[in-house]
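> Residue numbers (the working numbering), protein chains in the order written: chain A, 1 to 406; chain B, 1 to 309; chain C, 1 to 542.
Hints listed in this document are in silico derivations from the structure and should not be mistaken for laboratory results. Some clues are possibly wrong.
What the hints assert, rightly or not - In silico lysine-lysine, DSSO-like type, Cα no more than 30 Å apart, as pairs: (1) B:Lys250 x B:Lys224; (2) C:Lys84 x A:Lys232; (3) C:Lys446 x B:Lys250; (4) B:Lys79 x C:Lys105; (5) B:Lys234 x C:Lys66; (6) C:Lys84 x B:Lys224; (7) A:Lys232 x C:Lys66; (8) C:Lys160 x B:Lys234.
Stated by the list, open to error - Quick list of simulated restraints, FRET-style, between CB atoms: (9) C:His232 x B:Lys224: 57 to 63 Å; (10) C:Tyr164 x B:Glu112: 49 to 55 Å; (11) A:Gly258 x C:Arg501: 26 to 32 Å; (12) B:Ala54 x C:Tyr350: 52 to 58 Å; (13) C:Leu312 x A:Asn384: 58 to 64 Å; (14) C:Arg447 x A:Lys345: 36 to 42 Å; (15) C:Asn236 x A:Gly258: 49 to 55 Å; (16) A:Asn384 x C:Arg447: 33 to 39 Å; (17) C:Asp298 x B:Ala54: 36 to 42 Å.
Every residue gets a Cβ at the ideal spot worked out from N, C-alpha and C, and that includes glycine.
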Amino acid sequence: MKALRFKRNIPRYAAAKIAGNIMPGSGASFGPIDLIQEENSKSPGKDWVKVRPRLSGICGSDLATVDGKSARYFEPLVSFPFTPGHEVVGNLDNDSRVVLEPVLSCTSRNISPPCTPCSEGKIGNCENVTLGEISSGIQTGSCHDTGGGWSTEFYAHPSQLHSVPDEFSDEAAVMVEPTACGVHAALAAELPDQGVVAILGSGTLGQVTISALRHFTNPKTIISTARYPEQKRVAAQLGSDIVVNPEEIHRAVRRACGTKAITNVSEKAPDGRVDRLTGGADVVIDCVGSSKSISDALSITKPNGKVVLVGMPATVELELTPLWHRELQLIGAYTYGTEKLSDGKTTSTFDLAFELVKTAKLEELVSACYSLNDYREALKHAANAGARGAFKIVFDLRDERERNIK
Amino acid sequence: MKSVYSLATSFKNKFLKLGFPWVSASTPIGVDSKSKNNSLGASYDTEWARRPAARLARAVIVETLMRPVMSFLATPTRKGLDRLENLEGPAIFAANHQSHADTPLLITSIPEPWRHELVIGAAADYFFNTKATSAISALAIGAVPIDRTKVSRQSGDMISELIGEGWSLLIYPEGGRSPDGWGQPFRGGAAYLAIRCGVPVVPIHISGTGKILRKGRNLPRRSKSTVTFGYPMKPENDESARSFSTRIEKEVRSLADETASSWWDARQRSYRNSSPSLTGPEIGAWRRSWALSDNDGKTRKRRRRWPVI
Amino acid sequence: MNTNNKETSRPSPRPGFVLDVDKNTPPIVFHHGENFHLEKLPAGRSRVVYPSEPLEGLPDPEGAIKDALLNPLGDSDPLPSLLKPGMKLTIAFDDISLPLPPMRKPDIRQRIIEAVLDMAAEAGVDDVHLIAALALHRRMTEDELRHAVGDRVYDSFAPKGLLYNLDAEDPEGMVVLGETPHGEEVHFCRRAAESDLLIYVNINLVSMDGGHKSTATGLAGYTGLRHHHNVHTLRNSKSIMDRENSALHASNWRMGDVIKDAGVKIFQIETTVNNNTFGREGPLALLQKREWEWNARDRGQFIAMQRGLNLLPVKAKRHIFGGWQSPYELTSVQAGEVEAVHKKTIENVYAQQLVTVEGQTDILTMGLPYICPYNVNSIMNPILVMCLGLGYFFNLYKGKPLVREGGVLIMSHPTPWEFHPVHHPSYIDFFEQVLTETTDPIEIEKRYEKQFAEDEWYIHLYRNSYAYHGVHPLYMWYWGSHAMEHLGRIIIVGGDQKAVRRLGFQSASTLQDALEIASDVVGPQPTITHLKTPPLVMADVI
């Protein structure tokens, strides 16, 4: 089988970090990631089944890992060497198609009784990430024993698999996992009815969040920021009412909410510059995760509002006085699990994601396919997706020779 | 130092020992002395001080010495200069008088072109007492001798001729500096000359110089001052010098009111003939001094700001 | 010696004229914001409208003013007899948008207000308010008020709160005096309405100003202005500089009748100045001289100036030009009853500015200067560029526009994507939000006027800061609506491309490129008129 493998190698990790800072995505060329070919992999346990990926997406967190930007926070939660890739649609041995829900919970680790979060269905919060039958790993794609999506085969626990309806194309199926992240974030926000919500960032994650908000909540206005024309077009198409450049977000939120602003009051006159609002949006969802985006988010949320961090942040420098002064809530939204709907019913995020991908035709967000051999180009493309008018870049493994060797 | 002094003294003694004709002879007793051709006082001839070289020297003194000194001592505010917009040709500038600082202040305040074509009417018995003071007055400020009380024939003719040639005149109608800070009645000299020569009078009010160098003091003190120019005034048809002089004094009073309160209040009071008097209340000396200090109650509001670090 | 050397030795000023461009015509100076370009216009089919030389100012302005106050026009008593002790007097005066550029001290408003107040002092009037009649423009700063009325008047009244800027959003300070027969509400300053006498001090820089517009617009707020500051009215004002053919003025005149019927007694004082914008001597005088009359010194100065300006950063250039004050001279002053006074004023405006031009051409070109009524001491943002060109300069005509219907307008200005955050905050929102959706004035009026007019933040800044009212950028857009309807294409030369495109216009880097782009619309070998202003000139197109 063929796979991309991430080894623990400090000098190359450092090199990747440097390269990634200079040119995003180039960590692939310098970093500790290699294309390997070896004998077929071993199953981690008797319940586990082999999955042969058809399409595997590249996610922002994968890129961070490749470019050495991933927080060292995750190091104890992964086991080296591993194969990245957690957005997968693949074939089982009986050729049926499945979509992977990559989170490794107590069930997959064969831990009984399951921890409290797992028993409540919040598998993303599993407390036993480093224990059990398999090595540490928060999900497939960061665990040594399971393998990962960027390969011609890996192993999955049956609890991780969802079958794909026939009318779903491969592209639609590979979008399910990222869409689930967006759905989870949209619902975690708990947007009040007819509330104003702002979304910072219009990459894939931002776009699916917009779509999820439009479908599963009842917003009065969705405002989103986008830097590039293609992002703007798609954001408007998926349901954003107002799309502006990132630097215009303060004024746009002020206009939409009709509030006032606090400006630098000089001795002469209050300024017309809008840095912070007196009111603001009910919810702001940050799909970027940088110092600037979180600071912006804190300045445009109304008092007692919520800021939801969906884009993975690392170490950021942030003035938290606005958080304290305006009694804001800063919430993290990580992957997915089980959602409670407004009518009290619970359902898994993935089910909602399937629904959304079908209704909003989110397979159109898949912009380009690459073979595993071209992984350097693929990672560069994914890192510069916005500027290049693209959203989701995937590895296409359907034609890989190694795939069909039984 | 001692050697210089003893050297000078010995030189002087040697000189005196030389006697006549090195030194002037004293008039013998019993002989009527020939009346000296009195070329001091009102008959001092200042024509030389109006030649181009002297005028250039005076301009240099005014701009390089007088201006920075007055700027430092008096921190002057000049108002009303726009009222001179339409003034063409020579004029007579008439101001109230409180101190020796008035003249340099006015010379540096009167705008061009009049500033460098200006002669100052200076008291003949004070400034033109000795040859030395006459020369310095004539050169440094362009002074011409004038009588304090009534314009004599001699100085009147001389000044009229100068005005006819295009010179402007700066004159203090009070005749002298105020002894106690309050003004003195205006005499008719400025009005008389204006009517005679057919030129307008520009009334000027000066405030604050009394503190800089009061009559009787020798060392100046720093103080804020204000120079306020009024509109040029022309005598009405057949107006007498006395009536014109009264009008000029009224206008200076109104300018004083303008500085002390505001232009609008001064205008209103002027029309009601209730501008505050310049000569002060008819009361005892200490109460007059006391009342003067009421006039400068303008305290500066200090703006309090956060320090910027 | 001090002689009476008045400039009577000057030859009398020559009238404006139309120059037909031929092969010998030198390149013409085009204003380009804070710089100048020399542009060669194609021979044989171009013409340039040159302004008149400045008329001589009145020799004794103070005397003329006093004379006007004592000998009013129309049905009015001389001013002294209208002033009585114990009366309520209000003096309203034109704001920072006049004159342009600002004039050298003493400002004509200062002279007039002092003369008026002198008479008021003589009559024993105590209760006087002085109001800058700025409608929805920005408030004037202390320095600007001092420049307009002079230090004496400022120090006498401002500290007591008796000299102030109109606050048209003050619910207590404004009243509705009634409605015109067309249903237009007449919104008015309460203090002015309740005074025994309202004196208006006007500077009639262009023929759009003055008359009933001074009070009906200057002392009004949004409630009244919306009835004539709208697309329909402005599209029926052909032009806004020609009162008799202007729906804008017809509305203001109707409102003037309502004001009169409500019992407000107005003593109108109107003035005209000559067009001595750049001075007869001095560094900018060559901008008032015809190019072929430049001597060697002028030419050297122009080259040096252009080179120098090219090297300077934008802020420095703005500072230099912003500090320029024009040596305008008073050419007429009349006082008394509004309509009688205004008739005489307009005669004087036309005497200085009107030039007869025969027929229209395919293309109209203009070089836009660094200043318009709404960016004094400020920044000219793209919306103001559009307003100056399409709103003001395009409308400097009587009869018909200089360019034919469906023709092309070419303007030259750097059009920076820059906004002054204190003066024009609502403009930023208008540019960022509204223009991305639509540039059609009718759509904009329908979808956005209410939002911008009623936004609390903009109202707060208008009342407390120095910001134009929230609805003002829309008014700027409406000002160009007649031109937008009339023209086939609008091109800006030398402007910031993104900004020009956001305005909905086309961008060209040189005039030649612009003329080529224009040929797509008007055909090959189009005829061209260049309106060479400032100094101000108005075309009487026959």
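> Does the alpha-carbon distance linking Lys160 (chain C) and Lys234 (chain B) stay inside the 30 Å limit?
violated, 34 Å
> Can the suggested window of 58 to 64 Å be confirmed for the beta-carbon pair Leu312 (chain C) and Asn384 (chain A)?
violated, 38 Å
> Does Lys232 (chain A) pair with Lys66 (chain C) here, judged by a C-alpha cut-off of 30 Å?
Outside the cut-off at roughly 65 Å; violated.
> Take a quick look at whether Lys84 (chain C) and Lys232 (chain A) sit within 30 Å of each other, Cα to Cα.
Measuring from Cα to Cα gives roughly 68 Å; hence the hint is violated.
> Just tell me: holds or violated, for the beta carbon distance of Asn384 (chain A) and Arg447 (chain C) against 33 to 39 Å?
Holds - the Cβ-Cβ distance for Asn384 (chain A) and Arg447 (chain C), about 37 Å, lies within 33 to 39 Å.
> Take a quick look at whether Lys84 (chain C) and Lys224 (chain B) sit within 30 Å of each other, Cα to Cα.
Judged against 30 Å, a Cα distance of about 39 Å means the pair is violated.
> Gly258 (chain A) and Arg501 (chain C), beta-carbon distance inside 26 to 32 Å?
holds, 29 Å
> Quick one: are Asp298 (chain C) and Ala54 (chain B) within 36 to 42 Å, going by C-beta?
Between Asp298 (chain C) and Ala54 (chain B), where Cβ atoms are some 39 Å apart, the hint holds.
> Given the hinted pair Lys250 (chain B) and Lys224 (chain B), is their alpha-carbon gap at most 30 Å?
holds, 24 Å
> Taken at face value, is the distance from the CA of Lys105 (chain C) to the CA of Lys79 (chain B) at most 30 Å?
Roughly 13 Å between the alpha carbons, so the hint for Lys79 (chain B) and Lys105 (chain C) holds.
> Is 49 to 55 Å respected by the C-beta to C-beta distance linking Asn236 (chain C) and Gly258 (chain A)?
With Cβ atoms ~33 Å apart, the hint is violated.
> If you check the beta carbons of Tyr164 (chain C) and Glu112 (chain B), does the distance land in 49 to 55 Å?
violated, 37 Å
Comparing the model with each numbered hint stated earlier shows that hints 2, 3, 6, 7, 8, 10, 13 and 15 do not hold.
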